[in-house]
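Top line first, the protein sequences correspond to chains L and Z.
This note's numbering puts the first residue of the first sequence at 1, with every later residue one more than the last.
This note's numbering puts the first residue of the second sequence at 1, with every later residue one more than the last.
No lab work stands behind these hints, which were simulated from the structure alone.
Don't take every hint at face value.
[Claimed, not checked] So the derived label-pair ranges between C-beta atoms look like this:
1. L/K65 with Z/R61: 38 to 44 Å
2. Z/P80 with L/G44: 22 to 28 Å
3. Z/T30 with L/S119: 41 to 47 Å
4. Z/S14 with L/G55: 48 to 54 Å
5. L/A40 with Z/D17: 29 to 35 Å
6. L/V2 with Z/K103: 27 to 33 Å
7. Z/D17 with L/G42: 23 to 29 Å
8. Z/S56 with L/L53: 21 to 27 Å
9. L/G42 with Z/P80: 22 to 28 Å
10. Z/T72 with L/H104: 18 to 24 Å
11. Z/P80 with L/T102: 34 to 40 Å
12. Z/T72 with L/A57: 31 to 37 Å
13. Z/P59 with L/T117: 32 to 38 Å
14. L/T58 with Z/G57: 28 to 34 Å
[As the list claims (entries may be wrong)] Residues from chain L that face chain Z, not an exhaustive set, calculated with beta carbons under 7 Å:
15. G44
16. L45
17. W47
18. R59
19. A61
20. R100
21. H104
22. E105
23. C106
24. E108
25. W110
Cβ atoms here follow ideal geometry from the backbone N, Cα and C, with glycine treated the same way.
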Amino acid sequence: EVQLVESGGGLVQPGGSLRLSCAGSGFTFSDYWMHWVRQAPGKGLEWVSSINLEGSATRYADSVKGRFTISRDNANNTLYFQMNSLTAEDTAVYYCARVRSTFHECFEKWGQGTLVTVSS
Amino acid sequence: DIQMTQSPSTLSASVGDRVSFTCRASESLTTLLAWYQQKPGKVPKLLMFDASNLISGVPSRFSGSGSGTEFTLTISSLQPDDFATYYCQQYVSYPYTFGQGTKLEI
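Let the hints inform the model, and build the full structure from the sequences given.
Structure (structure tokens):
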């Protein structure tokens, strides 16, 4: 069974940093692009970042570019999201998501989400 | 960035009804559009990819159509489990974008 398990969320002060992790199992992690998608309380879904198979190509939404960094460790089947200079607008549930396939970059598998709250 | 607009924002319906939601894109997606269902407090669930391809295990009462800039998700006969929020998402170009959602309520 495919599983994605996020960790690392929590309460952080504005300007602070947090590192999210997403452990994948039940599939060949290195065969799939991975993404982070977030959802602010009571709001819709927002794509924030993606990473290719080897970790050599990354993409970011403008809202997080320059502050957040996506990375992956294929040997340990883990996706990471380093979040710096956090603001209240970054408060959201963060989901890691696996694409359906290389040719269908919709999000077929999702983690349970981890809540990041930015507040003083 | 490609803007995704869903309509209506909220739809009230009854069990057994046939309902349709619309998703419009600001640029052509060909058919690179997905539909998701999300219930309160739950993880989004992929229903459809490439506009009209049903994910295995999703009931056949769900169907998708469209190409280019206009897409439709139809539920042929609403069941109690279908009341949720539905999102469309384009994956033709970065940044990938979602519609704002259509809330289907009783």
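Outcome of the hint check:
| no. | hint | in the structure |
| --- | --- | --- |
| 1 | L/K65 with Z/R61: 38 to 44 Å | holds (41 Å) |
| 2 | Z/P80 with L/G44: 22 to 28 Å | holds (24 Å) |
| 3 | Z/T30 with L/S119: 41 to 47 Å | holds (42 Å) |
| 4 | Z/S14 with L/G55: 48 to 54 Å | holds (49 Å) |
| 5 | L/A40 with Z/D17: 29 to 35 Å | holds (31 Å) |
| 6 | L/V2 with Z/K103: 27 to 33 Å | holds (28 Å) |
| 7 | Z/D17 with L/G42: 23 to 29 Å | holds (26 Å) |
| 8 | Z/S56 with L/L53: 21 to 27 Å | holds (24 Å) |
| 9 | L/G42 with Z/P80: 22 to 28 Å | holds (24 Å) |
| 10 | Z/T72 with L/H104: 18 to 24 Å | holds (19 Å) |
| 11 | Z/P80 with L/T102: 34 to 40 Å | holds (37 Å) |
| 12 | Z/T72 with L/A57: 31 to 37 Å | holds (34 Å) |
| 13 | Z/P59 with L/T117: 32 to 38 Å | holds (36 Å) |
| 14 | L/T58 with Z/G57: 28 to 34 Å | holds (32 Å) |
| 15 | G44 | holds (5 Å) |
| 16 | L45 | holds (4 Å) |
| 17 | W47 | holds (4 Å) |
| 18 | R59 | holds (5 Å) |
| 19 | A61 | holds (5 Å) |
| 20 | R100 | holds (6 Å) |
| 21 | H104 | holds (5 Å) |
| 22 | E105 | holds (4 Å) |
| 23 | C106 | holds (4 Å) |
| 24 | E108 | holds (5 Å) |
| 25 | W110 | holds (5 Å) |
Checked against the numbered hints given earlier, this structure breaks none of them.
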